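Asker: The lines below spell out each chain.
2 protein chains.
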Amino acid sequence: MSHPSLLPSGEASSKVSPLLQSADNDQRITLAHGSGGKTMRELIQNVLVPAFDNSILEALEDQATIPLGELLKYGDRLVFTTDSYVVDPLFFPGGNIGELAVNGTVNDLAVSGARPLFLSCGLVMEEGLSLKTLTHIVESMKQAADRAGVTIVTGDTKVVERGSADKLFINTTGIGVIREGVSIASTKAQWGDAIITNGCIGDHGVAILLARNDMALESTVQSDTQPLHDLVSCMLKVCPDIHCLRDVTRGGLGTVLNELASASNVGMYVKESHLPIRESVRGACEILGLDPLYLANEGKIVAVVPSEKAHELIEAMRQHPMGQGSAIIGTVKESPAGTVMLSTTLGGTRIVDALVGDQLPRIC
Amino acid sequence: MSHPSLLPSGEASSKVSPLLQSADNDQRITLAHGSGGKTMRELIQNVLVPAFDNSILEALEDQATIPLGELLKYGDRLVFTTDSYVVDPLFFPGGNIGELAVNGTVNDLAVSGARPLFLSCGLVMEEGLSLKTLTHIVESMKQAADRAGVTIVTGDTKVVERGSADKLFINTTGIGVIREGVSIASTKAQWGDAIITNGCIGDHGVAILLARNDMALESTVQSDTQPLHDLVSCMLKVCPDIHCLRDVTRGGLGTVLNELASASNVGMYVKESHLPIRESVRGACEILGLDPLYLANEGKIVAVVPSEKAHELIEAMRQHPMGQGSAIIGTVKESPAGTVMLSTTLGGTRIVDALVGDQLPRIC
Chain Z
0 MSHPSLLPSG EASSKVSPLL QSADNDQRIT LAHGSGGKTM RELIQNVLVP AFDNSILEAL
60 EDQATIPLGE LLKYGDRLVF TTDSYVVDPL FFPGGNIGEL AVNGTVNDLA VSGARPLFLS
120 CGLVMEEGLS LKTLTHIVES MKQAADRAGV TIVTGDTKVV ERGSADKLFI NTTGIGVIRE
180 GVSIASTKAQ WGDAIITNGC IGDHGVAILL ARNDMALEST VQSDTQPLHD LVSCMLKVCP
240 DIHCLRDVTR GGLGTVLNEL ASASNVGMYV KESHLPIRES VRGACEILGL DPLYLANEGK
300 IVAVVPSEKA HELIEAMRQH PMGQGSAIIG TVKESPAGTV MLSTTLGGTR IVDALVGDQL
360 PRIC
Chain W
0 MSHPSLLPSG EASSKVSPLL QSADNDQRIT LAHGSGGKTM RELIQNVLVP AFDNSILEAL
60 EDQATIPLGE LLKYGDRLVF TTDSYVVDPL FFPGGNIGEL AVNGTVNDLA VSGARPLFLS
120 CGLVMEEGLS LKTLTHIVES MKQAADRAGV TIVTGDTKVV ERGSADKLFI NTTGIGVIRE
180 GVSIASTKAQ WGDAIITNGC IGDHGVAILL ARNDMALEST VQSDTQPLHD LVSCMLKVCP
240 DIHCLRDVTR GGLGTVLNEL ASASNVGMYV KESHLPIRES VRGACEILGL DPLYLANEGK
300 IVAVVPSEKA HELIEAMRQH PMGQGSAIIG TVKESPAGTV MLSTTLGGTR IVDALVGDQL
360 PRIC
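Protein chains in written order, with numbering that gives the first Met the number 0: chain Z, 0 to 363; chain W, 0 to 363.
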């Protein structure tokens, strides 16, 4: 796979290290890397294929082929989801756009109860992007894919002129399979159900905000980007009848709960005192005038489950590395239908609307 | 589905007309349309869901669910392919980015022999994009999807600040199913095979180039963007043993033939006099110093087939609306392996390399 123009070293015994070696120089992405011609082929063969490292991609066809028989081993329904990632900056405390692009799409599959299996990767690069940066990011994608048990089997690269995009946008589209009997939907929240989450909210939003150069604040808050499929799998073992499950990303917990309340036509009551929020996140929100209920997360779910299963489920989730901060944060009532209510620490109750406007652009 | 903030008219009995009505005003995409909150939800519910119009998308979950049993009706292998579209300008003679984004991905599925079934749609929009433009484009996507028999079942919208992207980029990722027995691969070209195409090359490249404002040339050349699944299906009926099949997009015929020659380790001989090229395309190429062999196409394929089937196949293709210009353009030989040779109209023979550099950025 090694090629002199991108990989100056001939010592390519490992499939990963030569990429780092090639990244030591100051090569930049040019328009030719998106041309469909030789230069693009070199980028694919010397950077992307070795990074993603799997036989389906190595065939270098324009599409990946997967026997349906393989998919049937995992269940009876295919799930299909897409997300484009435009996060700014590309690197932030706790992760980078590549890791985010894998985990985010894995999580959109996972919250359907599916086992995530395959991803596509569409890169839109700005002319002038450093090859070192790209290499680092695609290697992060591979590491995240390995961690999540998914394979990046097909891809596309486009390059636009300097100034026509901001460095790098990544689309990942994922497919997974749901096993027989699992049926999770936004419409299934019922009166009496418990509302639970797997840990502190707002970390990703604050980490991104503080990573931007225009903030003078310093903080140790890291993005919570992580794949949640294994936690969900563990939850389904304890409680096969999870009613609703969503990953809490853009729009934050407040928006996701509104969507569930509306889809299920129920009232959702959340106790502010039960919401897990780091002191550092709370502090940043106070200084910056942000509401943690609307901050993005990249490793958090909210689940609506039968109340009789809630405590057992929380115990099981707390045993899982991605669920140590799990908590019951509220309950579902009949009314006011389609509304989220917050019991505040001061003793009052207020309506929590879905996010209006945009708290923070390009968060993911 | 109608909502006052995007759809001022309440007369929304048809699912499509209100979009055109809403598009009469001068609304623009704001960062809030990518926030994950209320404004984004309105865009999805009032523009995207009505335009794409299907029950899977209407569920408004973060992923589409498709029974594997449905897929098994069409064959035994899933195909999965992704493409991002960054074409400049968004509208060009013969099509627009939306139509291109559907046809392009449909064609990447079709050339595997698959029946294209489902698409995802990831939009990256620049703040300030006109809602009228977006509406027009997503309606074109729906029309193209209907024409190709595919359904856009899941999507994502992101918005970046003014200047951080150029108006609109679209990722479409597609899934389809290959029926039992069909086996097409870049590695299968054999000595003696015929090389065929379905019509004139270079139309899309010239149409885009001339649509850009910096060219003073006028021309009637239109993009050839069209879905090729039905033509391929017709070809497979006549010749179930198609060896290689590729859509001829970025990099042009010259590059695709090089990829096939290299993957199959054969020599490919093409007769310049047999290449179907419009006079207007030939003329534009002469004036602009472009080689039609490297111009992009969006409705053309190249197939490598057993020579004994070639004439019957060409006859059948010419009966199809998308194959009227079909022709045998060359033959496969044993050597020089991995090389494409062109017999020129002047009587000489020259090597055709894969595209080096970039003839025309943002062609698709």
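Since the hints were derived computationally from the structure, they do not count as laboratory data. Possibly wrong hints are sitting among the right ones.
Copies of the same chain look alike in the list, so a pair counts if it fits in one copy or across any two.
[To be verified] Within a straight-line C-alpha distance of at most 20 Å, the following computed EDC-like cross-link-like pairs (lysine to aspartate or glutamate) qualify: (1) Lys187 - Glu57; (2) Lys308 - Asp229; (3) Lys37 - Asp290; (4) Lys37 - Asp352; (5) Lys72 - Glu179.
All values reported here derive from a predicted model rather than from experimental measurement.
Asker: With reference to the structure, classify each hint as holding or not holding.
Answerer: Hint check:
1. Taking CA atoms no more than 20 Å apart as the test, Lys187 paired with Glu57 passes between copies only; the shortest distance there is 16 Å, against 42 Å inside one copy.
2. Taking the closest pair of Cα atoms, Lys308 and Asp229 come within 20 Å of each other only inside a single copy of the chain (19 Å); across copies the shortest separation is 52 Å, beyond that limit.
3. For the identical chains of this complex, Lys37 and Asp290 are inter-copy neighbours only, at 16 Å across copies versus 50 Å inside a copy, given an alpha-carbon limit of 20 Å.
4. Taking the shortest alpha-carbon separations for Lys37 and Asp352, only the inter-copy value of 9 Å comes in at or below 20 Å, while the best intra-copy value is 52 Å.
5. Proximity of Lys72 and Glu179 under a CA criterion of 20 Å is satisfied in both settings, with 11 Å inside one chain copy and 19 Å between copies.
Hint violations for this structure: none, all hints satisfied.
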